[in-house]
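Colleague: Each chain, letter by letter, is given below.
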Amino acid sequence: MPFVGEILKHRSVSIVGLSKNAGKTECLNYILKRLPLDYFNVAVTSIGIDGETTDQVTGTAKPEITVREGMFFATSEKHFRQKRPLSELYAVSDEDTALGRVVTAKALQEGKVLLSGPSGSSALKRWMHSLDGFGIDLILIDGALSRLSTASPAVSEAMVLSTGAAFSANIRDLVNKTAYVVELIGLPLYVGPEPKLCVSSFSPLDAGMLKGQRVMEVEGALTDRLLTAAKNAMVEEPLELVVGDFTKVFCSQDLYRAFLRRDGRISVRMKSQLLAVCVNPKAPNGIVLDSDALCRELSAKIGLPVYDIVKNEYEVS
Amino acid sequence: MKFREIVDSPCGIRYLFDELELQSGFARKVLLDREMMVDAGQIDQAYASLRGYYELVLTDRRRVEDMRFRLQDLRDITATLAALADGAALDEIEFFEIKHLAMLAESLAMGTDMDKVIDILDPDGLKIGTFYLYDSYSGELRRLRAEVELDPEDAQLQEELANEEDRLKKLLSDKLRPYAVTLQQTLRALAELDISLAMAVQMHVEDLVIPASGDSTQVCGMFHPGVRAALKASGREFQRVDFSFERGVPATVIGANMGGKTVALKTLCMLQYLYQFGFALPVSSAVMTPFDDIRFCIGDEQDEKTGLSSFAAEMQRIDRAIAAAETGKRVLLLVDEPARTTNPVEGTALVSALLERLSDKAGQALVMTTHYTVEHAGQCWRVQGLLPGTKGRKMDYRLVRTASHEVPHEALNIARELGIDARWIELADTIMKKLYE
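Line order of the protein sequences matches chains X and Z. Per our numbering, the first sequence runs over residues 1 to 317. Per our numbering, the second sequence runs over residues 318 to 754.
No wet-lab data here; the hints were simulated from the structure. C-beta: ideal position from N, C-alpha, C; glycine also. Heads up, none of these hints are tricks.
Computed from the model, here is a short list of chain Z residues facing chain X with C-beta under 10 Å: (1) 343; (2) 390; (3) 392.
Ranges of calculated distance between the beta carbons of each label pair, as one might list FRET restraints: (4) X:225 / Z:423: 54 to 60 Å; (5) X:109 / Z:375: 50 to 56 Å; (6) X:33 / Z:326: 57 to 63 Å; (7) X:134 / Z:359: 42 to 48 Å.
My request is simple: use the sequences and hints to build the entire structure.
Modeller: As structure tokens, then:
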């Protein structure tokens, strides 16, 4: 039963897909099925509309989320009314979303739910905070389509990444793109004196400003524009950029590499812990990649175990 | 007039509203929808209640904080209660909301019959705030649920279960319906409790005072909380000011630039609103009198949207105020430097005429700041002005009654103090001396 043991060591874990149909929902169901529930309270939510019976974009079949007896879940009023096992209501939020308010309930029997919890990092944090007092040991967050922000260490302690043929249909490209995200997740924590220079993505930047500076704090997003400016302004001294966390890096891989080649360095204030990478070799357009080759190549590249949870159906203990 | 219509008035009342620590969004909504009180008896009653909460803040802060903590759970379930009253069958989410409200009210010893509401929604006597259609509501429900669990795919059973659940929801709704009105009152009362506690705490924190009601307005030691906070941030202190006015006697305020005339007028406007919406006042003590209509005409409002020049916009604002006074209602008119943007000859004429135009209205009060010398039968107040011996460094912001309506000539001294081009100011000084010789 790979990586579920790792999950139990954290208070909050987000499951993030690198694209739609990357197998995130299977990954979440895989975890939910295997979590021990004796004396252990789990709450699960999704940041966006998820768990629809059919994918709204591509029309392919999408599994719903199966909650087990005793699990807490958060979803919108609308989806709560639509489908759920017998559940005990614990809270109804004050915040209105497009699908109504967020309802927090505890499943009294196993069953399928449509998850659509608080959307947006701050609403999510408020919801997580509102669970205080329910005795929750672990919060699982289903991060919606390419919204890495939920994986920010400011929101959840650890993360599981799911990637697959839907992200890229070419094994080499898929491995390369996934490895880049994994590399960003692994950006080191900043250690050193407080940077004297602080810029945002809109700040002008030139060599004069950087004179004598070896470290620069980046407020908010690190964009291509800012990184290009930093790269070009970096004349003699190597420069270290300090960003909030990896979700703030919005740079193309080529530019990132070019910056590193010039002795640039990027570090973070808060670090995420990546627990596992799951792959889904099937894409909705019918392409199926060689699962074993994909797992092997990706694992070799990122130095972390990679699982195809659909194919291998690791046993439930 | 609702609070939401004046919360962004240029008098700056927003500051106290923003600083008010309401626990629930619903209380905020209720406060914004509150109607302005125009009856002194009603205002005094509101203050009597506020005084009670203020004493509680002073004597038992812990209890207050406990109550406020609970009030964080207050939710706006107006729609649910309206549906209940209308005869709708509610669903689990709505039952949960009602149970939640009833338990919250009970924990705060508010509302009547809350125990009966809770009994309906807590058939097992668990005394916890969660809800689902409990098995104990009917033997049939229990039986069907057990059968469905054994055979989840049986559509017939599923339907029977759904029907039984619907029947119970309707039954519970019917049982709750007689309490719809008391639940609505309780919801409202909890929002009012949240508001009162927040006001009482603010009274303590911001050093506010409950005024008395009377026939005229007499304010001692007023301050503008927003301006005071801004001054405090830069290490300075707000000088408290006294002022009084009465209906039928127009009052003008004259004095040096930067002497705090506009701030005084804003503060008076804010005090009036605070009084009529039941807030404690930023004063040392005060007697206040209610008005049916409060008009604040301040020149520096933005009128870009209407495309009017500042003069035209101001004239129209004052015109509307005159029309309001014509209705015979009790109107408080606070006008900041009317006709300031036109030439001083016509400006003076307009201001004098305005005072005369409004002088015969017994029900209304007028307070106006001006730089023009205008003779009138009302009261004239003057900013004390630059403190002698401080070389123009220090301003005494106090307002004092004066017999002379002649505006003081302090602008040049102040300009010198500001370090404005010395040559320019000297030339102006020479011209002034020639004029008055």
